[in-house]
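K.L.:
Each chain, letter by letter, is given below.
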Amino acid sequence: MNVVPPPIKTDPEQPSQSMYADHVTVYPKSVDGPVRRVKWAILFVCLSIYYLLPWLRWSRGEGKPSQAVLLDIVHRRFYMFGAEFWPQDIYLLTGLLILSAVSLFLVTSMFGRVWCGYACPQTAWTDLFMLVERWVEGDRNARIKLDHAPLSLNKLARKSAKHLIWFGIAFWTGGAWIMYYIDAPTLVREFWTGQSSAGVYGFIGLFTATTYVLAGWSREQVCTYMCPWPRFQASMLDEQSLIVTYQDQRGEPRSVGKRHDGNTHLGDCVDCGVCVAVCPTGIDIRDGIQLECINCGLCVDGCNSVMKKLGLPPGLVGWDTLADQKLRKQGKPREVPHYLRPRTMIYMAALGVAMAAMVVGFFSRPTLAVEAQHDRAPLFVMTRDGGIRNAYTLKLTNRLATANFDLSIQGLGNADLTVAESGVAEAPVLHVVGPGDDVVAYRVLVHVTTPALENGSHKFNFVLKNLQTGKIATYQSVFLGPGIAN
Amino acid sequence: MPTDIEKDEISGQYTTGHEWDGLHELNTPLPKWWLYTFYLCIAVAMAMFVLLPSIPWVHSYWHGTLGYSSRKVAMAEYAKMESLHADASRKIAAMSLADIRKDPALLETALTAGRITFANNCQPCHGAGGQGRPGFPNLADDVWLWGGKLSDIQTTVTHGIRSSDPDTRYSAMPTFGDDILTAQQIQQVADFVWVNFYGHAEPGVDTAPGAKIFADNCAACHGDKGQGGRDFGAPPLASHVHLYSESRDTIVAQVTKPRLGVMPNWGAKLDPATLKSVVLYVHSLGGGEE
Numbered sequence: 001m002n003v004v005p006p007p008i009k010t011d012p013e014q015p016s017q018s019m020y021a022d023h024v025t026v027y028p029k030s031v032d033g034p035v036r037r038v039k040w041a042i043l044f045v046c047l048s049i050y051y052l053l054p055w056l057r058w059s060r061g062e063g064k065p066s067q068a069v070l071l072d073i074v075h076r077r078f079y080m081f082g083a084e085f086w087p088q089d090i091y092l093l094t095g096l097l098i099l100s101a102v103s104l105f106l107v108t109s110m111f112g113r114v115w116c117g118y119a120c121p122q123t124a125w126t127d128l129f130m131l132v133e134r135w136v137e138g139d140r141n142a143r144i145k146l147d148h149a150p151l152s153l154n155k156l157a158r159k160s161a162k163h164l165i166w167f168g169i170a171f172w173t174g175g176a177w178i179m180y181y182i183d184a185p186t187l188v189r190e191f192w193t194g195q196s197s198a199g200v201y202g203f204i205g206l207f208t209a210t211t212y213v214l215a216g217w218s219r220e221q222v223c224t225y226m227c228p229w230p231r232f233q234a235s236m237l238d239e240q241s242l243i244v245t246y247q248d249q250r251g252e253p254r255s256v257g258k259r260h261d262g263n264t265h266l267g268d269c270v271d272c273g274v275c276v277a278v279c280p281t282g283i284d285i286r287d288g289i290q291l292e293c294i295n296c297g298l299c300v301d302g303c304n305s306v307m308k309k310l311g312l313p314p315g316l317v318g319w320d321t322l323a324d325q326k327l328r329k330q331g332k333p334r335e336v337p338h339y340l341r342p343r344t345m346i347y348m349a350a351l352g353v354a355m356a357a358m359v360v361g362f363f364s365r366p367t368l369a370v371e372a373q374h375d376r377a378p379l380f381v382m383t384r385d386g387g388i389r390n391a392y393t394l395k396l397t398n399r400l401a402t403a404n405f406d407l408s409i410q411g412l413g414n415a416d417l418t419v420a421e422s423g424v425a426e427a428p429v430l431h432v433v434g435p436g437d438d439v440v441a442y443r444v445l446v447h448v449t450t451p452a453l454e455n456g457s458h459k460f461n462f463v464l465k466n467l468q469t470g471k472i473a474t475y476q477s478v479f480l481g482p483g484i485a486n
Numbered sequence: 001m002p003t004d005i006e007k008d009e010i011s012g013q014y015t016t017g018h019e020w021d022g023l024h025e026l027n028t029p030l031p032k033w034w035l036y037t038f039y040l041c042i043a044v045a046m047a048m049f050v051l052l053p054s055i056p057w058v059h060s061y062w063h064g065t066l067g068y069s070s071r072k073v074a075m076a077e078y079a080k081m082e083s084l085h086a087d088a089s090r091k092i093a094a095m096s097l098a099d100i101r102k103d104p105a106l107l108e109t110a111l112t113a114g115r116i117t118f119a120n121n122c123q124p125c126h127g128a129g130g131q132g133r134p135g136f137p138n139l140a141d142d143v144w145l146w147g148g149k150l151s152d153i154q155t156t157v158t159h160g161i162r163s164s165d166p167d168t169r170y171s172a173m174p175t176f177g178d179d180i181l182t183a184q185q186i187q188q189v190a191d192f193v194w195v196n197f198y199g200h201a202e203p204g205v206d207t208a209p210g211a212k213i214f215a216d217n218c219a220a221c222h223g224d225k226g227q228g229g230r231d232f233g234a235p236p237l238a239s240h241v242h243l244y245s246e247s248r249d250t251i252v253a254q255v256t257k258p259r260l261g262v263m264p265n266w267g268a269k270l271d272p273a274t275l276k277s278v279v280l281y282v283h284s285l286g287g288g289e290e
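These protein sequence lines are chains A and B, in that order. Mapping the first sequence onto this note's numbering, position 478 (from 1) lands on 478, and the numbers just tick up by one. Mapping the second sequence onto this note's numbering, position 281 (from 1) lands on 281, and the numbers just tick up by one.
Honestly, the hints are just simulated from the structure, not real lab data. Check before you lean on any hint, since a few could be wrong.
[Stated by the list, open to error] Calculated lysine to aspartate or glutamate pairs in the EDC-like style (CA-CA distance at most 20 Å, straight line):
hint, chain 1, residue 1, chain 2, residue 2
1, B, K225, A, D385
2, B, K32, A, D22
3, B, K102, A, E426
4, B, K32, A, D385
5, B, K149, A, D22
6, B, K72, B, E82
7, B, K32, A, E292
8, A, K395, B, E108
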C-alpha cells in the first residue's frame, strides 16, 4: 500500500527549528487619536482611584478607623464609606465576584475584549510604564537604536533613569495595595520609621517586584502566555461580537510603491506598517483575529491617521463583527450589530438576578440579632419547688457602637432569666450592657416556676430590645421539660 | 521517529520532525523565559532537597541542613500554648474564687478548663453538664446535699464525701431496718414522707404514726419540715428533686438499708488551679448559690 505523504517541503535555509522561541522585544510606536485619548482617560481615572482612594478620610466616630475604604483583616471589619461589613457578610463578596464575572462575560460577548484593551491592570500599568520609557528613551526608532547601540554614558543614564522611575512607580503601587489593609497615614509613618511588621515589608516588596516585572519586563508576554482569560474568552465571542479587524476586501491588494492608474485594481492599504508599529503586542492585525490581540484599537488610530493623509475614508482597520464583514464581502448592506441575542440576554438576566440578590442582601443585613442554642445536657433541670429550668447559649450581635439592651421572653408565662455566673438575681427582664459593635455569647438560664408544657416542650421567643434605638430582635427557641419525646 | 524538519505549506510553520503514520507535528515554540522558569523550579527543588527533610534512608532519612521538622514546629506551638496556659493557671491558683469571678476573661478561661476537667473526671458519675443520675446528684438544679456556695463546692471537691481524706465530709444514715425500726414502722414513716413531703394524695392512709416516727428518728438530720440538713449531707425530702428515684419503694429501701454515696477527694489528684476551675464550672451550671 502506498500512502502518499502530504505535500511538505523541506526548507534548506531553515534546517533546524528550536522548540523554544526567543523573546522578541516589542517597541510600540506612540500614536495619537480618539482611541488613544480614551485609553489615557481610562488609565488616568483608574490609577487615580487606585492610588488616591486609601487617602480619602471618612468620619466614623470614636474608636473607628477614619479611612473611607479599609479592609481591616485584624479586626475583621471591612469599611466601604458608610457601609461596614462583618465576616458574616462574606456572601456579599461571593455575590460581588459573581457580578464581576458575569459583567465581564456580558461586556466581552457584546463588545469583544474591551476589558483586555482598556481596563485590565496589566494593560493600564504597561501603558504607564511605556509612557515613562518613551519619555526617557524616546519613541520606537530611538529606542531600537539605543538598544542596539554600544554601552555609553548616555545609554547608561537613560536606562538607569527609566528603571529608577519604574521602580518608584512599582513601589508606590505595592505600597498603595497595603494601604487598603492598613490605615494609609499610619502605614506611611510606620514604614519609614521601621515599625511596620515583617509581613508588611514583605508584601510591599512582593507587590513592588511583581509590578516592576509584569509591567516593565513581561508586558504582552503576560497576555499571550500567562493569562488564562484570552484562552477561554473565545467561548464568549461569536460572529456578532465587536472585534478590531482589517477590512481586507478594501485593503487588498496592498498598493505599496504602486500608483492608482485605474487599470489595475489596488486596495487602500499602502502597507505603511503603522498598524504593526503601534501594536503593544507586536502583531499584524491584517493577519486576522489572533489570540495575542487585546483589542486596544491603537492600530485603528494609527491607520486612520494615514488614511486621512492619503485622503481616503477612515476605517480600513476598525471595529466590526465577523458577520458584518461577511455580508459586505457578499456586497450586502451593513447590519447593526445584534447586541440583543440569546447569549447576551442570558448574561443580562444572570447579571440582573445577581444584582437584585446583592441589593436585597445588602439592605437586609440586620443591625441587631439574637440567636439561642439550647443546652444539650441536661435538656432541663427540675428545681426543688417543682419549677423547670432550661439553659441556653445566647449570641447577641449588635452592629451599632454603643447599646443597652433588655432581654426578655415572650410566650412562656412567668419566666425568669439570669446569666450564669453573673451573680445577678433572676428577673423577668434582664438588662444587658453591650455588646457594642460586636458579638457576645451569654449562657442564659430560664426558670419557669409553673410550666405548662405540651408533650414536654413549648415554643417561645427570646426578645432583645435595643434601649437606645428601640429596635427589637427575636429568636424562636423551645423550652423543654418532663415528658419530652425522645 | 524524528525525521527531517519540514515546513508546513498551509500554516507556514515548521514541524518538530516527529511523524506518526503520516501525521506531522507542528512546532509551536514555548518562549525561552518560560523554559528558564522550569530550570529555576528545578534548581529550587534541588535546593529544598538539601535544605529540608527529603530522602528516606532505610532506618532514618535525610534531615536537611536547616534542621526543619513539622513536629518541632508543632511542639513549639504547643509550648507556647502551655506557657499561656501556665500564666492563667498561676493567676487562678493565686486568686480567690470570688476574685476570679470578677475578672471576665479569667473566668472564661477557668470555666473552659473546668468544663474539660469535669468531662474527664466528674462526668462518669454526674453526667454531662452535671445532669446527674440516680444516686449521683444533679449539679445543675438548686438542691445541694452539702451546700451550693463556691466555698461549699470547693470543700466537697477537695476533700470528697466519705473518702479517705481525713477532712472528708462524712455522715452515715443509720440502718433503720437493723433492729432500730420494725418493718411496720418503716412502712408508716414511708407513708408519712410520701404523702406529706412528696405530696402524693393517698386517701385512707393514716400518716400520724409515721409523723411521730419521723420526728423521733429522722427530723434531727432531715429537718422537721423535711427541708434537709446540709451539715449532715441530709437531702431535703420536701422537694420535687430526689436523689434516687421518686417512688415509695425507694423510700422504704433507703430507710431500711441506706445507700451511702462516696465521692473521691479530688484535692489529692487535681492541682489547685484545675480544682478551682472545676468548682467554678460546677457553680456555673445553674444551681450555684451566692
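K.L.:
Check the structure against each numbered hint from earlier and tell me which ones fail, lowest number first.
P.N.:
Those not satisfied are hints 4, 5.
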